[in-house]
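Engineer: Chains as they are written, first to last, in this note's numbering: chain X, 1 to 364; chain A, 1 to 286.
No lab work stands behind these hints: they were computed from the structure.
Glycine included, every Cβ here is placed at the ideal spot set by N, Cα and C.
Some clues are possibly wrong.
Among the chain X residues that face chain A by a calculated CB cut under 8 Å, a handful are [to be verified]:
1) LEU52
2) PRO72
3) PHE81
4) ALA85
5) HIS89
6) SER99
7) ILE102
8) ALA103
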Amino acid sequence: MAKVSLQGVSKFYGKVQAVKKIDLEIIDKEFLVLVGPSGCGKSSSLRMIAGLEEIDEGIIKIGDKEMNNLEPRERNVSMVFQNYALYPHMTVEENLGFSLKIAGLAKKEIEQRVNEAAGILDITEFLQRKPSQLSGGQRQRVAMGRAIVRRPDVFLFDEPLSNLDAKLRNQMRTEIKRLHQKVSTTIVYVTHDQVEAMTLADRIVIMKDGIIEQIGTPLDLFERPATKFVATFIGSPSMNMIKASIVKQNNELSMKTNDGVIVPVPKDKQKSVIEGQNISFGFRAEDIVPLKFGQKPSSAWEMQSSVNLAEPLGTETLIFTNFGEIEIVSRMFTPEQVKSNDNLNFALNLDRTYLFDENSGLAI
Amino acid sequence: MNKKQINNILIWFSAIVLIILIMTPGLWVVLTAFRPQVDVMAKPAVWIPRNLNLIQFETMLFGGSEGSMGRSPIPVLSYLRNSLIISFTSTFIAVLVGTIGGYGFARHNFKHKNKYFLLIMLTRTIPGISLSLPIFIIFSKIGLIDTHIGIILVFVALNIPFTVWLTDGFFRQIPRAMSEVAMTDGCTKLQAFWHIELPLSRSGIASAGIFAFLISWNEYALVSNLARSTDSKTLTVGLMDFTAQFTINWPGMCALAVFIIIPALILTFMVQKHLVTGLTFGGVKG
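Pulled out of the complex, with its shape left as it was, chain A reads as follows (with noise of 0.2 Å):
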């Protein structure tokens, strides 16, 4: 063996391990949604699991079924329409302030525009839970808690930046040839953004976008203070409801983290390529 083939062992090896120790929690949530409460609560813990259903599952979307527990605690559809509307118009809005920015910031000048960007990354310095107190002062006085612009807000606010620092690196990628020849070709500065340069840069939007997304669709401490009901708990938020005074009901947690789970990774792997292509941007040419 020679100090190759050791040395892909190892990174191999190390790997692995990284591997394990990154899915472990990820797939003990996975299988403790498909388990009997009994078998989660075992002691010594039962690691294979002995059988499986869906329960949960039924109880959570349904209402339960006979043998269940009966009818649903949880209004989860509520909770996933909440999430739905306040993960995409979030997304959404953050990524066109965002794009309109780190354009701004890559093809003008302006005074002082390195300390206005440094400026916008430092808010993201703050944790956004020690926001959390003076955001729910504010809002409470303007009437915004629990309501889906409230939360809405807070997560374009905090989205923005990220989307700016990578929109900027991406604009700053395409040569400003490009959008002179379009402007000699006939266009107007927003038809040259409009037809060129945003479709070039559409890996790093769609990143930004992904990462925006993922960032409210399981951001669970600053909501859990803002919503108080129905009307604006999202199903992060939900997952508190199968606690009681006295018990915990984990599978039911588990079950619901799996429904959170399914759509972030669906919405990934459709966006994969881009999110490829653009993370890796500007180390690879062409």
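Just chain X, same shape as in the assembly (with noise of 0.2 Å):
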């Protein structure tokens, strides 16, 4: 029963605007990620709806209140720290109860809930432990419980996976997204991890510099990124990206790379370029692939070049080649063995090929 949303919103820390105006709806029992780079402002757009921060502009509200004036207290969130911030001097079972506690909960409630809390995260087993005879994701673990207890409008998440090991952040990151299906609460969570944004998010925020630079599902971020920042930032490896000219050849406009590599516009973006215009364009490594091992898409444009490096993955294989003099990454998924210097004819698929105007950065 809480969308959240946030009109206009600014956070300013001295001169420097951490948060420049941004408007955002987030909708009830959405999960909703806010992804970017260190210094983008997820963090103080988090804080600021938490209430940990005030709000220098605009306004944000919970449900249909506004939360600008009111204590974090006030706002019925919860939150989870990075360095879960457990009360080290309370055994899990007191913190857990800690906040029906100051509430003024009676004793039996608090610890039903306390217990009910217990039994989702599977942590019934520590109650009488201290914090300090946990382990990093059974930390993690209470700490999510400690905000579950309160059955809050509006849970928030502040890169609450970046302490723990590669495999426990990816089993955390299941229960995460398995806890948001029990509770069915609205969830805002913050990372720099856009496997985790990818993962776990109803939507995603993209932020940079303190905008938002696309507001989308998982999929509309992957296929059609609305600008060049937001098509390296999605994807793993990062999308190809190459700076290049508009030139006209044939009677056809073609992009030609700053050491002269010419690759014909793809049709259906011929009319929204013109000559001289500067662009970026990218592509997935998955296409741009080796010709003998896959399929020919139907839209290609050929290349032969050596392979500067291979890293076979297992159901996968990343070929580091040359693009003219840049470096790009090609993926492929038939498990045959690439040897460094062998020389391959590639595909790019030209229907996949995204173009980016080099001073927007939007897509065109």
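Make the complex out of the two chains shown on their own, each in a separate frame, by following the hints.
Structural biologist: In structure tokens form, the structure reads like this:
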């Protein structure tokens, strides 16, 4: 029952504007992920929703209620912090029940709700331990348990997994997703990890330098990046991106890279560019494949290049090769042995090539 | 013998020499308290005590018994009462105010914060004794000479800077997220402080408290000026009562000194655990 809305929200630290008039509507029960490089304003935005930072400009509403002048405790939000921030002098049980005790609930009710939360997160056996006697993953669970006992309107997660090792991170990621299904409450989740964002989110908000670059479902962002930044930020390995200018050749517009490689502008983009325009064009690793190992795309541009390096990953192999002078990466799904210095024919799928205006960074 | 063993022996040897140097005067005070005046004044010195007795303590506390010098001239119990009242009250106030100050410096940003902090610390660079005359003049004008309140005020002022400094460091060690999570957990700022940050820094506060108490308990120079009668004289100032125009009752004075040391020792042992964690905090993680 709690949508969250940010209307023209800004945050200043001294003269630096960390968040620049952002607008955002978070739907009830949605899992929304704020993602971006460090310093992009995602954490500040989250902390403003929590009430831990002043809102310097704009309005934040939870439900239909304006939050600007309310204390954190009056907002009915729960926050999970990166360093867990468990109360070290209390047992797990006391940690979980603390907010209910402060709220003045009866002992019996506290016990019941603590046990319920402990059950959901599978930490019942640790209830009498102190946080220092728990492993990282267990601490993270307690932190989440502490957040859910309150039955808040909104959960706020501030990079909750970045202190965990890779294996545990994957495991906890799944658990967070499961938790959302169980408690179905609005979640705002901040991370700098695009994989976390892609796997967890109903919708992703990509931020950079205090502004929102794009809002959309994970697939939206992957398939239709609105800006060059989004295109390179989402997806792993990162999208290959090459600078070029538009030239006319044989009555057709082409893209000429800085080191002289000429690639035709995809058919559907022919009318969207003009001669002389500076652009970048990008393509994902799986959209440039060695010819003899894959099926040739219907609208292909071919080039020959030698392999700099190959990384076999089992189901796929990443091949590093040169596109003109620039190193790009190609992803091949056929498990064939490829060696360095092999000369291969690559086919670039022009239908899946993205063009961005070099000045504005916007997709063409 | 290898190099490590030689090193160890050297370290132990220096430590023992150092301990002897530190302990000897204290030991001498304790010994003197149990010896007759003749032994104490003997020349050449009697190093190994020949007979020990409790006469000085009996005289001091119970007004003497048969064979002693008669009724104690020194109102030790009044001094004890003054010392207790002054030390505990001033410690309580200094720790209370100092902790709030330390919290403020650790958690809040305000203009010229560092300068204020430096200023508070600078007050401790002035030798206390040099303040005795100005304080005496001011106190005599407002009628605080020879009162508990006057002496308590001086000790509070003396102890607050140290308390601020020590607790500031402690509060800084507690992650900010701790109080933030408490605030989203439904606490007011004050509740977050009371339930979370205060218990987490109790080692620091205990250390600050014991230091403040010892300073107040042992202070002599300032109180000797401000206290005039049994209304406010503390035990340390009471030591001077053992001096007469031509004689000094050394065993009596030392007996009182021992009497002064005991409560301080007991208190220090009681909070020893906190004191050790308190003073090594920051160096040791988690």
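Engineer: Each of the hints needs a verdict: does it hold here or not?
Structural biologist: Quick rundown of the hints versus the structure:
{"no.": "1", "hint": "LEU52", "verdict": "holds (5 Å)"}
{"no.": "2", "hint": "PRO72", "verdict": "holds (4 Å)"}
{"no.": "3", "hint": "PHE81", "verdict": "holds (4 Å)"}
{"no.": "4", "hint": "ALA85", "verdict": "holds (4 Å)"}
{"no.": "5", "hint": "HIS89", "verdict": "holds (5 Å)"}
{"no.": "6", "hint": "SER99", "verdict": "holds (4 Å)"}
{"no.": "7", "hint": "ILE102", "verdict": "holds (5 Å)"}
{"no.": "8", "hint": "ALA103", "verdict": "holds (5 Å)"}
No hint from the list above goes unmet by this structure.
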